[in-house]
Amino acid sequence: MSTQKKELAVAALKNGTVIDHIPADALFEVVRLLQLADSEMQLTIGNNLPSSRQGRKGIIKVADTEFAESTLNRIALIAPTAKINVIRDYEVVEKRAVELPETLIDVVRCNNPKCITNNEPMASRFEVVSRDPVKIRCHYCGHTQL
Amino acid sequence: MQQVSTTFHFHNMETGSLVSIDNLSKEEILKILRTAAYFEEHPNQKILDGKIVATLFFEPSTRTRLSFETAVQRLGGRIIGFSDPAATSTSKGETLKDTIKMVSNYADLIVMRHYLEGAAQYATEVTDIPIINAGDGANQHPSQTLLDLYSLYKTQGTLENLTITMVGDLKYGRTVHSLLMAMRHFNPTFRFVACKELQMPEFYKQFCLDNGIQFTEHEDFNQAVIDTSDIIYMTRVQRERFTDIMEYEKVKDLYSLNNAMLETSRQNLRILHPLPRVNEINRDVDDNPKAYYFQQAKNGLYARQAIICRALGIDLPVK
Chain U
209 MSTQKKELAV AALKNGTVID HIPADALFEV VRLLQLADSE MQLTIGNNLP
259 SSRQGRKGII KVADTEFAES TLNRIALIAP TAKINVIRDY EVVEKRAVEL
309 PETLIDVVRC NNPKCITNNE PMASRFEVVS RDPVKIRCHY CGHTQL
Chain W
1016 MQQVSTTFHF HNMETGSLVS IDNLSKEEIL KILRTAAYFE EHPNQKILDG
1066 KIVATLFFEP STRTRLSFET AVQRLGGRII GFSDPAATST SKGETLKDTI
1116 KMVSNYADLI VMRHYLEGAA QYATEVTDIP IINAGDGANQ HPSQTLLDLY
1166 SLYKTQGTLE NLTITMVGDL KYGRTVHSLL MAMRHFNPTF RFVACKELQM
1216 PEFYKQFCLD NGIQFTEHED FNQAVIDTSD IIYMTRVQRE RFTDIMEYEK
1266 VKDLYSLNNA MLETSRQNLR ILHPLPRVNE INRDVDDNPK AYYFQQAKNG
1316 LYARQAIICR ALGIDLPVK
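Residue numbers (this note's numbering), protein chains in the order written: chain U, 209 to 354; chain W, 1016 to 1334.
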């Protein structure tokens, strides 16, 4: 029954983007990263929905908006399980996983308190040095984290 | 499982900036060393006539600043800048970006030292004039590495196939880390001599493995290690690095060198130290011809003259 409802809810979006399978504890971080608080589009945000794979998951639906691939890939670090559905005229025209890019700009903070990025109004920048497990290296101070 | 890559990427080659020793290829390193040798023979030249170099020292470092400023003066350039950030707009809350942009209006080159890590890299991204990193916190200090390389090159006649023993604080020692990485081009063999608390970090050992560099680790600074070394690079073991002061007391004298220990060492052996030293090299070593740490500091002048010329794109009559 609940599965049916969810499918109905997705189908009810005429045009837009659905970001599904977000880990429940990362949902609001994804909202922040995509700057949805400032969006004037119709938004549906659900969290702690039952998921057979994840236990609990979050979902975000944004009407009449398609994000650039690079924008969506920025969430890969905090929500690696997220799935993107692009809806056009009630149809899912594209379904894909998020993919960690080689460079992450202004996604995470450097955990070195003496890094310039934590002391100057500027964007952080990391290079991904390993994907499994994920390890990123600060472009500025060279510290590795995660 | 994927290995952590120990390759760095920097993107400031086009301006002649020098942020990290990893900016330089093997050929570029050798060219700087040949240029340093040229300046050792001809230290006073008017090739920076009309050029203004800004030395921005956001944290005091008298030794490095004097070395850079002497290098500029001996080449006929002029200097603006500060050695005490308390007297600048930084103390009023000006951002680094604004300071760099303002100084870029006046100078042809910026030599900067900063207490924050990554500051020099960031500076290269906000200006079109070249930046020379004279130390950014615990991160990089490439002119020190180049003077160390020049000291090896000068005393051994080559950088290839040397056995280098690093002694003391290998955990926090920025100079040994940078030297290790720069030597990857030259097939070195390393010996790491340190107590458990101050051993070479995993990252750098992995770097050696990734680059096919042989190394051994020793807790004991023994005669066999000394007698098979071409270079002994001593560093200071600092009390503040220890959480347990008893541990410091136990190990502080284990990693000190005296003249008697050098009796059976190789003829070509030279002792290096980034200075300042405390007790890790006994004063009785100072008069031994194998002691090289004071000349090493002097080599900094020539290495910095070469770095400045590279930054400004000045070609010199060297091969």
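Please keep in mind that the hints were generated in silico from the structure rather than gathered at the bench.
Watch out, some of these pointers could steer you wrong.
[Stated by the list, open to error] Simulated pairs of lysine-lysine, DSBU-like, Cα-Cα distance not exceeding 35 Å:
| hint | chain 1 | residue 1 | chain 2 | residue 2 |
| --- | --- | --- | --- | --- |
| 1 | U | 343 | W | 1112 |
| 2 | U | 343 | W | 1041 |
| 3 | U | 322 | W | 1066 |
Checked hints:
1. For the hint pairing residue 343 of chain U with residue 1112 of chain W, the CA-to-CA distance comes to about 29 Å; that is within 35 Å, so the pair holds.
2. Between residue 343 of chain U and residue 1041 of chain W the CA atoms are separated by roughly 28 Å; this keeps the pair inside 35 Å, and the hint holds.
3. For the given pair, residue 322 of chain U sits about 33 Å from residue 1066 of chain W by alpha-carbon distance, which is consistent with the 35 Å threshold.
No hint from the list above goes unmet by this structure.
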